[in-house]
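Participant: Sequence:
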Amino acid sequence: LKELNTLIPPETAIIEYMITSDEIIIWVIQQGIIRGKVVTADSAKITKTVEDFRLLLQNYSSTEFLGKELSALFIDPIAGELSKAKRLAIVPHSQLHFLSFAALPYKGRYILDDFALYYLESATIARYTHSMVAAGTGSKEKKKKKDMSVLAIGNPAVGAELNLPFAEREIKSIGRYFNNVKMAVLEDAKESLFINEAKNYDLIHLASHGEFNEASPSDSRLKLVGDEKYDGNLTATDVIGLSLRADLVTLSACETGLGKLSSGDEIVGLNRAFFYAGTKSLISSLWRISDVASAVTIKRFYRYMAAGDEKAEALRKGQLLIRKYYPHPAYWSSFRLLGNYD
1 LKELNTLIPP
11 ETAIIEYMIT
21 SDEIIIWVIQ
31 QGIIRGKVVT
41 ADSAKITKTV
51 EDFRLLLQNY
61 SSTEFLGKEL
71 SALFIDPIAG
81 ELSKAKRLAI
91 VPHSQLHFLS
101 FAALPYKGRY
111 ILDDFALYYL
121 ESATIARYTH
131 SMVAAGTGSK
141 EKKKKKDMSV
151 LAIGNPAVGA
161 ELNLPFAERE
171 IKSIGRYFNN
181 VKMAVLEDAK
191 ESLFINEAKN
201 YDLIHLASHG
211 EFNEASPSDS
221 RLKLVGDEKY
231 DGNLTATDVI
241 GLSLRADLVT
251 LSACETGLGK
261 LSSGDEIVGL
271 NRAFFYAGTK
281 SLISSLWRIS
291 DVASAVTIKR
301 FYRYMAAGDE
311 KAEALRKGQL
321 LIRKYYPHPA
331 YWSSFRLLGN
341 YD
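Heads up: the sequence shown is residues 1 to 342, going by this note's numbering.
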């Protein structure tokens, strides 16, 4: 707790969940103080409700009823503890790894209206993704975000049926906001380029189709262009073997945020692979998303971030903007920021 207080700014509330067979245990950590709540609930019913909620989102159906049911379990019991927070760090457990908290109702609106959100796989991971500088206790100068070196790879030429024209526009728009960008699209969007050069960049953007392999999560992959050495399937196993310095990796693709729960409640998949490789923060998606909505959200995210906003706030602004045009939460709540909020 003492160490967390040096890493997490006062205006951040960490919300950590644990689901047992018949209870939800919730801890709220803020300004060096930890408070707990216990909610009676059946774990099997929670799993079913989260799955049904996700299905409604992916079918663009009304989520109002189940959203209120989930908020009553996971948000309402601690709402009184959040009055001084401007951002929430969610530490999920079990099925909550697959829940977008941004889409949950809160005080007649959505949580996203009141808070910037980011996620940690455990409170302990803040030791590796955050810094005392971010909490205002250090003095090291940080590189201006617009001066970050960027590797942007997208819309690989892997077949007409997998064409992502808006992802290509997304890639090309990045050059407006950052001073040092290397772009690769269509035939140039090669797996070999990523494998050989990703280690040299502060920000990595990958806009392609992603596939989660439930039977073998380490084989979950992003589709890129192959060559004589690489088959074009960038798997979680491939990523784990790299040494990255990236402050941020953005996976602007389908289902990249999914993973399989291990016995230790760790998510095995692309997210964990990038963190193992050295990434400080990561943006990924929880379900198949609209190419247009994705491109606009990420374009605005980079615009706000390059201008100086924290990553969590920049993503929030991008999601709020897309909500004006596409109100259903399926369009704007799929993206999640994991790791460091700044």
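Hints in this document: simulated from the structure, not taken from any laboratory. Please note that a few of the clues may not be correct.
Unchecked claim - Here are the simulated distance ranges between beta carbons:
hint	residue 1	residue 2	range
1	F65	K37	22 to 30 Å
2	G308	T6	19 to 27 Å
3	S61	N180	20 to 28 Å
4	R127	L186	21 to 29 Å
Model, not experiment: these values are computed from the prediction. By construction, the Cβ of each residue, glycine as well, lies at the ideal position given by its N, Cα and C atoms.
Participant: Decide, hint by hint, whether the structure agrees.
Facilitator: Now the hints, each set against the structure:
1. Against the hinted window of 22 to 30 Å, the Cβ-Cβ separation of F65 and K37 comes to about 23 Å, which satisfies the hint.
2. Judged by the Cβ atoms, the range 19 to 27 Å given for G308 and T6 holds: they are separated by roughly 23 Å.
3. At about 43 Å, the CB distance of S61 to N180 disagrees with the hint of 20 to 28 Å.
4. In this structure the hint that R127 and L186 lie 21 to 29 Å apart at CB is violated, the actual value being about 40 Å.
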